[in-house]
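From first to last, the protein sequence lines stand for chains A and B.
Per the numbering used here, the very first residue in the first sequence carries number 1; after that it's consecutive.
Per the numbering used here, the very first residue in the second sequence carries number 464; after that it's consecutive.
Hint data in this document are derived by calculation from the structure and do not stem from the laboratory.
Please read these numbers as outputs of a predicted model, since none were measured by experiment.
Possibly wrong hints are sitting among the right ones.
Unchecked claim - Listed next, with one range per pair, are the computed distances between beta-carbon atoms:
1. V111/A <-> G525/B: 28 to 36 Å
2. G604/B <-> A138/A: 28 to 36 Å
3. L578/B <-> P274/A: 55 to 63 Å
4. A590/B <-> A119/A: 54 to 62 Å
5. L687/B <-> E324/A: 25 to 33 Å
6. P4/A <-> N569/B: 50 to 58 Å
7. G525/B <-> T433/A: 38 to 46 Å
8. D201/A <-> N585/B: 54 to 62 Å
9. T894/B <-> D159/A: 47 to 55 Å
10. L687/B <-> A285/A: 23 to 31 Å
11. G525/B <-> T110/A: 52 to 60 Å
12. S106/A <-> T575/B: 37 to 45 Å
Glycine included, each C-beta is placed from N, C-alpha and C at the ideal position.
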Amino acid sequence: MLDPDTLARTLGVALRSGGDFAEVFAEDRSSSSARLDDGRVEEVVSGRRRGAGVRVVSGESTGYAHTADLSEAGLHDAAAAAAAAARGTPGDARVVALERRDAPRSHAVTVPPDTVDKARKVELLERADAAARERGAAIGQVSAGYADGRRRILVANSDGLLVEDEQVRTRFSVSCVAVGDAGLRTGTEAPGRTVGFELFDDLAPEAVATTAADRALTMLAARPAPSGPIPVVLRRGAGGVLFHEACGHGLEADLVDRDASVFRGQVGEQVASPLVTLVDDGTYAREWGTYAVDDEGAPARRTPLIEHGVLTDFMWDRLRADKEGRVSTGNGRRETYQHLPMVRMTNTYVLEGDDDPDDIIADTPYGLYCVALGGGQVDPATGDFVFGVTEAYLIEGGRITEPVRAAQLIGNGPEVLRRIDAVGNDFDTWAGTCGKNGQGVPVSSGQPTLRVAEITVGGTARG
Amino acid sequence: MADLDAPLGVARAVAQRAGAGEQVEAYVVRSRETEVSVLRGDVESLTVAEQAGVGVRVVVEGRQGYAWAGSLEPEVLDETLAEARDNARFAAPDEWQGLATLAEANSVEPPTLALWRDELGNVPTTAKVDLALQLEAATAGADPRIRGVESATYHDAALDAAVVNSLGVEASTRRTSCSCGAVALASEGTETRTGYGFSVGRAPDELEVETAAHDAAQRAARLLGAVQPPSQRLPVVLDPLVTGSLLAIIGAALNGEAVLKGRSMFAGRAGEVVAATHVTLVDDPTDADARGAAPYDAEGVPTRRTVLLTDGVLEGFLQNVYTGRRCGAGTTGSAVRGISSPPGVGARALAVRPGTRDPEAIVASLRDGLYVQSVTGLHSGTSPVSGDFSVGAVGLMIRDGALAEPVREVTVASTLQRMLLDVAEIGSDLTWLPGSAAGVTLVIGDMQVSGA
Numbered sequence: 001m002l003d004p005d006t007l008a009r010t011l012g013v014a015l016r017s018g019g020d021f022a023e024v025f026a027e028d029r030s031s032s033s034a035r036l037d038d039g040r041v042e043e044v045v046s047g048r049r050r051g052a053g054v055r056v057v058s059g060e061s062t063g064y065a066h067t068a069d070l071s072e073a074g075l076h077d078a079a080a081a082a083a084a085a086a087r088g089t090p091g092d093a094r095v096v097a098l099e100r101r102d103a104p105r106s107h108a109v110t111v112p113p114d115t116v117d118k119a120r121k122v123e124l125l126e127r128a129d130a131a132a133r134e135r136g137a138a139i140g141q142v143s144a145g146y147a148d149g150r151r152r153i154l155v156a157n158s159d160g161l162l163v164e165d166e167q168v169r170t171r172f173s174v175s176c177v178a179v180g181d182a183g184l185r186t187g188t189e190a191p192g193r194t195v196g197f198e199l200f201d202d203l204a205p206e207a208v209a210t211t212a213a214d215r216a217l218t219m220l221a222a223r224p225a226p227s228g229p230i231p232v233v234l235r236r237g238a239g240g241v242l243f244h245e246a247c248g249h250g251l252e253a254d255l256v257d258r259d260a261s262v263f264r265g266q267v268g269e270q271v272a273s274p275l276v277t278l279v280d281d282g283t284y285a286r287e288w289g290t291y292a293v294d295d296e297g298a299p300a301r302r303t304p305l306i307e308h309g310v311l312t313d314f315m316w317d318r319l320r321a322d323k324e325g326r327v328s329t330g331n332g333r334r335e336t337y338q339h340l341p342m343v344r345m346t347n348t349y350v351l352e353g354d355d356d357p358d359d360i361i362a363d364t365p366y367g368l369y370c371v372a373l374g375g376g377q378v379d380p381a382t383g384d385f386v387f388g389v390t391e392a393y394l395i396e397g398g399r400i401t402e403p404v405r406a407a408q409l410i411g412n413g414p415e416v417l418r419r420i421d422a423v424g425n426d427f428d429t430w431a432g433t434c435g436k437n438g439q440g441v442p443v444s445s446g447q448p449t450l451r452v453a454e455i456t457v458g459g460t461a462r463g
Numbered sequence: 464m465a466d467l468d469a470p471l472g473v474a475r476a477v478a479q480r481a482g483a484g485e486q487v488e489a490y491v492v493r494s495r496e497t498e499v500s501v502l503r504g505d506v507e508s509l510t511v512a513e514q515a516g517v518g519v520r521v522v523v524e525g526r527q528g529y530a531w532a533g534s535l536e537p538e539v540l541d542e543t544l545a546e547a548r549d550n551a552r553f554a555a556p557d558e559w560q561g562l563a564t565l566a567e568a569n570s571v572e573p574p575t576l577a578l579w580r581d582e583l584g585n586v587p588t589t590a591k592v593d594l595a596l597q598l599e600a601a602t603a604g605a606d607p608r609i610r611g612v613e614s615a616t617y618h619d620a621a622l623d624a625a626v627v628n629s630l631g632v633e634a635s636t637r638r639t640s641c642s643c644g645a646v647a648l649a650s651e652g653t654e655t656r657t658g659y660g661f662s663v664g665r666a667p668d669e670l671e672v673e674t675a676a677h678d679a680a681q682r683a684a685r686l687l688g689a690v691q692p693p694s695q696r697l698p699v700v701l702d703p704l705v706t707g708s709l710l711a712i713i714g715a716a717l718n719g720e721a722v723l724k725g726r727s728m729f730a731g732r733a734g735e736v737v738a739a740t741h742v743t744l745v746d747d748p749t750d751a752d753a754r755g756a757a758p759y760d761a762e763g764v765p766t767r768r769t770v771l772l773t774d775g776v777l778e779g780f781l782q783n784v785y786t787g788r789r790c791g792a793g794t795t796g797s798a799v800r801g802i803s804s805p806p807g808v809g810a811r812a813l814a815v816r817p818g819t820r821d822p823e824a825i826v827a828s829l830r831d832g833l834y835v836q837s838v839t840g841l842h843s844g845t846s847p848v849s850g851d852f853s854v855g856a857v858g859l860m861i862r863d864g865a866l867a868e869p870v871r872e873v874t875v876a877s878t879l880q881r882m883l884l885d886v887a888e889i890g891s892d893l894t895w896l897p898g899s900a901a902g903v904t905l906v907i908g909d910m911q912v913s914g915a
């Protein structure tokens with residue numbers, strides 16, 4: 001993307017007025033997407049964004065500047081602006097010798113999306129629309145989206161690191177509206193992976209459409225969700241969001257460092273049920289949150305966070321790791337070159353347990369069975385979190401009975417983690433976009449079917 | 464004449480390249496931003512940036528194509544126009560599709576709004592850093608129970624944007640914005656509570672740093688000792704910040720595109736009573752005090768005041784050129800967009816007509832209730848399509864006309880349809896918030912509160 005000599009000179013400019021560390025992050029991102037709505041392909045969209053950000057760290061302060069101008073002059077301007085912002089104490093100019101490092105990938109992309117004709121992408125949407133409408137006359141509206149992106153990044157820093165990565169992601173989504181006597185209900189399904197067009201080798205648009213349509217149709221018969229604390233069984237895959245919110249954010253070292261995590265000082269302590277082993281794994285082949293190196297050039301890793309309920313580690317970026325005299329866990333990420341990196345999750349999941357998922361349900365006299373979630377939110381400083389269920393059923397007498405309407409569930413991370421009393425031997429993941437301080441990055445979460453002995457369900461049914 | 468590098472000049476140059484039988488629209492934005500984050504009395508990060516971008520829309524025989532780029536280099540503009548043209552080949556033809564015409568753009572006079580402050584450009588970065596440091600210190604010192612400040616930030620932006628299309632429509636706008644915000648950490652024993660305070664303006668001297676600090680500290684400290692109350696049905700008093708978020712969701716259901724496509728709980732209900740009789744809801748981007756104020760919309764059509772609900776009756780919906788043509792109502796100048804997609808429809812400045820009593824008088828009039836200070840999960844537990852509404856909440860119980868013990872780990876739930884009909888009172892404390900709505904204290908007469 002940029003030649004090493006230009007990068008070395010830019011780093012020299014960045015450190016001219018002092019500073020402990022300097023970095024150039026360059027990014028070239030191209031994307032294409034297509035949308036079908038209301039029975040019509042509405043438009044195909046192409047996008048291109050390229051630029052570089054220069055970071056200068058001086059003590060505990062970071063200066064940052066970015067530019068869409070990748071000429072040497074443009075990079076030097078950004079470097080000078082970042083250096084001024086860092087307000088370092090002038091020292092000796094440093095000469096940086098860059099050494100290119102390889103970034104081993106967990107898997108290869110076999111069909112780059114930019115080699116695929118746009119007509120084939122559009123055709124997937126039409127197939128999804130037809131399949132969704134076939135599910136029944138009550139399907140009143142279908143919207144389908146195809147999106148791919150190629151993100152090439154380069155990181156060069158004053159430690160001499162020079163590394164590049166290419167991340168290709170493809171996603172397909174379908175949202176349906178079902179129309180019934182009681183009003184409108186919705187169903188959405190949106191699988192995505194860090195792969196190219198080969199996503200569709202084992203993912204039929206019809207299957208995504210059917211899941212979304214059936215979800216909307218099911219909700220037509222839903223009655224109000226319960227109100228108050230009850231046992232909750234989370235089906236494999238969807239419930240991973242619970243861990244993302246209940247403890248994932250609280251295990252990000254930047255929040256720990258600013259004393260905004262309930263898990264601060266808890267390493268080595270029992271923070272969850274012994275049934276829980278949680279990892280963050282940026283090397284998980286094909287998953288939505290996977291990459292070879294993070295946005296600071298550190299290799300992705302598999303980091304155990306909780307083992308048999310005991311907190312083993314946090315997730316780290318370079319800044320926080322440096323402060324503690326350790327190495328980054330490859331969790332330094334940013335949305336685009338226009339953003340500073342911070343600690344972010346990749347693919348965060350709970351390992352399988354021993355229970356048969358059917359037995360977990362059979363062993364639950366009364367509760368809520370959650371099949372699809374709509375995301376969540378946490379205040380990491382207090383551990384209080386919520387997540388929304390968009391497809392859920394009552395469990396009565398050990399059997400799944402009626403569907404219930406969408407509702408929010410609320411709990412406290414450390415309390416809910418201790419109340420997990422069954423973990424199944426199945427597993428699945430769920431792709432989403434995680435937002436933190438205004439930056440969105442692709443992540444996945446995963447878990448086996450599991451049960452929380454009690455959590456507050458925020459429905460409207462009178463108790 | 465504007466200089467060629469200004470957004471208007473760049474947009475003109477692209478739109479002028481429309482061929483025979485082709486409509487071309489260019490949307491060009493340039494911005495300059497400063498962002499300061501401080502921690503423990505020192506600058507944690509300082510970001511300075513200039514950005515530019517272009518979005519090009521091409522319509523040929525009712526087929527729309529779109530492309531965008533984060534640069535205004537001549538070869539990038541060429542590529543973007545070529546991509547948009549190519550993309551148009553793949554869309555299905557749609558008789559209503561097309562760019563704003565001069566007739567649509569001249570249907571009303573654009574308002575004259577003072578959204579730009581020259582003085583922002585003269586404020587040195589050190590003054591912005593000092594403001595953030597002052598905010599952090601004021602937050603930490605506002606209450607003895609504040610043990611730390613999770614974040615204290617300052618942000619400003621100066622934005623210059625233009626839309627030009629090949630049918631002769633031209634619009635350009637400039638605006639500055641400025642904000643600061645802090646999250647306070649209050650502690651007692653092992654317990655921690657958080658509170659947010661902020662201030663917004665168009666230049667730094669409009670920011671009320673002390674108010675933001677006080678709000679953050681007070682909102683954190685007053686939650687100390689919070690418990691989970693039992694589940695019950697109660698009147699709920701929404702803080703102005705919460706009302707602002709609620710209005711934004713209701714605004715999504717008043718979007719003409721959602722209505723046309725059968726994705727709104729209000730579809731087919733124009734002329735009906737959908738809210739309590741004292742609810743009048745207006746979107747008015749011509750009010751310069753609104754954070755979303757703008758003279759033109761994202762298609763170059765002048766904005767205007769649009770009445771959505773009058774005394775509880777649904778009057779109409781927000782429209783852009785496409786939805787306005789298709790439903791026959793005409794555009795209301797409500798096209799909104801980012802750079803990376805063609806224009807959609809959205810509210811910019813929603814507000815309900817305020818009532819006569821201030822929040823203290825409202826609370827004093829209630830025997831029992833729940834005062835909701837802030838909510839979580841707005842995007843996972845609510846839907847403008849079905850009307851489902853269930854969110855996490857923290858706040859204070861109301862007992863015998865006074866704020867009482869703090870509560871946490873509760874949800875409040877109803878449906879949006881029910882909530883609009885259950886609006887029992889609207890406060891007099893209307894205030895414009897960041898985003899597309901104004902806040903005001905709002906009483907919902909009956910909601911399900913889920914707790915222990």
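Results for each hint:
Separated by about 32 Å at the C-beta atoms, V111/A and G525/B satisfy the suggested range of 28 to 36 Å. Range check, G604/B to A138/A: Cβ separation about 59 Å, and the 28 to 36 Å hint is violated. Taking the beta carbon of each, L578/B and P274/A are about 58 Å apart, inside 55 to 63 Å as hinted. Take A590/B and A119/A: their Cβ atoms lie about 55 Å apart, and the range 54 to 62 Å holds.
Taking the beta carbon of each, L687/B and E324/A are about 31 Å apart, inside 25 to 33 Å as hinted. For P4/A and N569/B, the Cβ-Cβ distance of about 56 Å falls inside the hinted range of 50 to 58 Å, so the restraint holds. Hint check: G525/B to T433/A, Cβ distance near 33 Å, so the stated range 38 to 46 Å is violated. Our hint of 54 to 62 Å for D201/A and N585/B holds, since their Cβ atoms are close to 59 Å apart.
Between T894/B and D159/A the C-beta distance comes to about 49 Å, which sits within the given range of 47 to 55 Å. Roughly 47 Å separates the CB atoms of L687/B and A285/A, a value that falls outside the hinted 23 to 31 Å. For G525/B paired with T110/A, a C-beta distance near 37 Å fails the hint of 52 to 60 Å. Judged by the Cβ atoms, the range 37 to 45 Å given for S106/A and T575/B is violated: they are separated by roughly 57 Å.
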